[in-house]
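Once you have looked at the hints, place chain B on chain A.
What follows is the residue order along each chain.
Protein chains: 2
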Amino acid sequence: MKKIINNAADVEREMLEGLVAASPGKLVKLKNHNIVLRANLNKNKVALVSGGGSGHEPAHAGYVGFGMLDAAVAGSVFTSPTAGAILKAIETVANPRGVLCIVKNYTGDVLNFEIAIEKARSEGITVDYVIVADDVASQSTAVGRRGVAGTVLVHKIAGALAETGANLAQVKMIAQRTIDNVRSMGMAITPCTVPANGVPSFELSDKEMEIGIGIHGERGMRREQLTNADGITRKMLDRILSHLEYAGHEVVVMVNGMGGTPFMELCIVNNFIKDYLYRNGGIEVYDTMIGNYMTSIEMAGFSLTLLRLDDELKMYYDAAVDTFALKK
Amino acid sequence: MKKIINNAADVEREMLEGLVAASPGKLVKLKNHNIVLRANLNKNKVALVSGGGSGHEPAHAGYVGFGMLDAAVAGSVFTSPTAGAILKAIETVANPRGVLCIVKNYTGDVLNFEIAIEKARSEGITVDYVIVADDVASQSTAVGRRGVAGTVLVHKIAGALAETGANLAQVKMIAQRTIDNVRSMGMAITPCTVPANGVPSFELSDKEMEIGIGIHGERGMRREQLTNADGITRKMLDRILSHLEYAGHEVVVMVNGMGGTPFMELCIVNNFIKDYLYRNGGIEVYDTMIGNYMTSIEMAGFSLTLLRLDDELKMYYDAAVDTFALKK
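For the protein sequence lines, the chains are A and B, in the order given. So in numbering that gives the first Met the number 0, spot 300 of the first sequence is number 299, and the numbers just go up one at a time. So in numbering that gives the first Met the number 0, spot 108 of the second sequence is number 107, and the numbers just go up one at a time.
Think of the hints as simulated: they come from the structure by calculation, not from any bench. A quick note: this is a predicted structure, and the numbers were derived from the prediction, not measured.
Identical copies go unnamed one by one, so any copy, or any two together, can satisfy a pair.
Listed below are the simulated SDA-like cross-link pairs for lysine to any residue, each with C-alpha atoms no more than 25 angstroms apart in a straight line:
{"hint": "1", "residue 1": "K206", "residue 2": "N6"}
{"hint": "2", "residue 1": "K44", "residue 2": "N94"}
{"hint": "3", "residue 1": "K25", "residue 2": "K273"}
{"hint": "4", "residue 1": "K273", "residue 2": "A8"}
{"hint": "5", "residue 1": "K42", "residue 2": "G83"}
{"hint": "6", "residue 1": "K30", "residue 2": "Y275"}
{"hint": "7", "residue 1": "K28", "residue 2": "D286"}
{"hint": "8", "residue 1": "K28", "residue 2": "Y275"}
{"hint": "9", "residue 1": "K44", "residue 2": "G24"}
{"hint": "10", "residue 1": "K234", "residue 2": "N5"}
{"hint": "11", "residue 1": "K313", "residue 2": "P23"}
{"hint": "12", "residue 1": "K1", "residue 2": "D229"}
{"hint": "13", "residue 1": "K206", "residue 2": "T192"}
{"hint": "14", "residue 1": "K25", "residue 2": "E311"}
{"hint": "15", "residue 1": "K28", "residue 2": "R278"}
{"hint": "16", "residue 1": "K42", "residue 2": "L29"}
{"hint": "17", "residue 1": "K326", "residue 2": "Y285"}
{"hint": "18", "residue 1": "K313", "residue 2": "F65"}
{"hint": "19", "residue 1": "K234", "residue 2": "N6"}
{"hint": "20", "residue 1": "K327", "residue 2": "R37"}
{"hint": "21", "residue 1": "K28", "residue 2": "V284"}
{"hint": "22", "residue 1": "K313", "residue 2": "M172"}
{"hint": "23", "residue 1": "K273", "residue 2": "R233"}
{"hint": "24", "residue 1": "K25", "residue 2": "A319"}
{"hint": "25", "residue 1": "K273", "residue 2": "V27"}
{"hint": "26", "residue 1": "K25", "residue 2": "V284"}
{"hint": "27", "residue 1": "K30", "residue 2": "Y277"}
{"hint": "28", "residue 1": "K87", "residue 2": "E117"}
Next up, chain A with everything else stripped away, as it sits in the complex:
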């Protein structure tokens, strides 16, 4: 294992402390918990909590701030945070306007968030949740579509509405509408290494790629011969377009690096997308995000996310945001 770390057991804490150190006056970390909060919590708005395993940086702590999350709770790398940690995050941001949890669709995450939410409710906290399920590659698995990079757009849009003073039902409704309109798919050309394991998550020859990966360093749904950027991108777009009716709509495109992918390659991928979408159903690209938004540590590869827009989603997508990883 070749990494720039200290001890594998400390990566989650040190990473969050390093992020908070770069955000004085904006972010704080709860002592003895891997929970990052806005330094100045606004208790007059619905509070947004998200989280999950570490290893997806800048998700989720990088999205804490004005216009997005109020708190992010981080488990160990690729491991759900405990119900106790999630409860601590909910309790810390709780206010009479209520709390909305944004949960990615993984068995562990859903289970632990549900336990924490039940406990919080028993304490008299008003809290609800949504489950993000945007990964089309896992549609036919037992758990169903996993929650991947589309989660960042749910943070963005629900976060923007929450800042306006909307109530919990309204914020939940727009979060769910974002979820209903977002689909993603990912691929990788290298594995990644969980620090505590010390070995790569799989092996892959120089001529192969994994298609239909998630965000936990796992293999994809299929191993295929590595082809060129345009061919891979077309195949992934076709798959996404077959899962939701995008024709005639405007979309946000997110070209998301998995952590070790150079920006050069993400731009080359994006170069194919706009014309192809327009030729396939008159889909118009309203805005494009290119970067590392939801990663698998140092994995090389990318995911594509398409958010189908309506006027309201567009308005909250465009709204001001001030977090470490996303600013508008």
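Using the frame of chain A, we list chain B on its own:
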């Protein structure tokens, strides 16, 4: 070589087209040239031009926009743009207020920019330039300190002053003052592969690192045993601090990923910095940037940059900026 590209010969053009496609109304690419411009050039301000070899993305095209550059000219990967291409960029943005070129200190870049500038002057264009030389590792080489990630801060600060309507001499002066106050150092744990070469730039065992790298995939000044993040960071900070008197000053810290480094590791590196600087000369961290700002394609590693601030540098560092890769 394992990359998500089409043809190695097209990576520079396709990458710039992909970036421009993500920035409608903000960026344009000159047809038949790897030159990216603001879509709406403001000809009533000093125009800033930078550039160099490709492979450093998002530098430099990602920094074209309000508050930073007016044009970026890209050569082939790790190869200076031709004097002809640089001249074309200068001619395109030229206006009576003048043009300032921001050049990284490499023999090819300096030579080609100087030829282009001489030609532009012979055409009656008012144009001047500065040479960024922030890399302390190369201080004692024949060419002297190379220009590396500190260049982004020169773009930022000179770009902010240029927006105020300052004249060419003033913009050059603040660019030079930024250069005089910025130092960097880099390290790597993996090489990178130039697409047109197809093979890694060097080989390195699992237990080794290169200390004192530049940004062209080259080996560092020294090969050492890979130690832990805190130890590496301390060594690099010590080296930077020995090259400029930072004691008692406020600084901007940039923790720059080389392209393939996970955000997790950059945050772990940053976690060491603030306290260490304070204990070593009472250096106060005014702001911290963590991300991929000046890369070597997919190399894993990082560089540290410290900018020594005064009130004016601070003001222009803080000023609004709206580019693809940097927003405030």
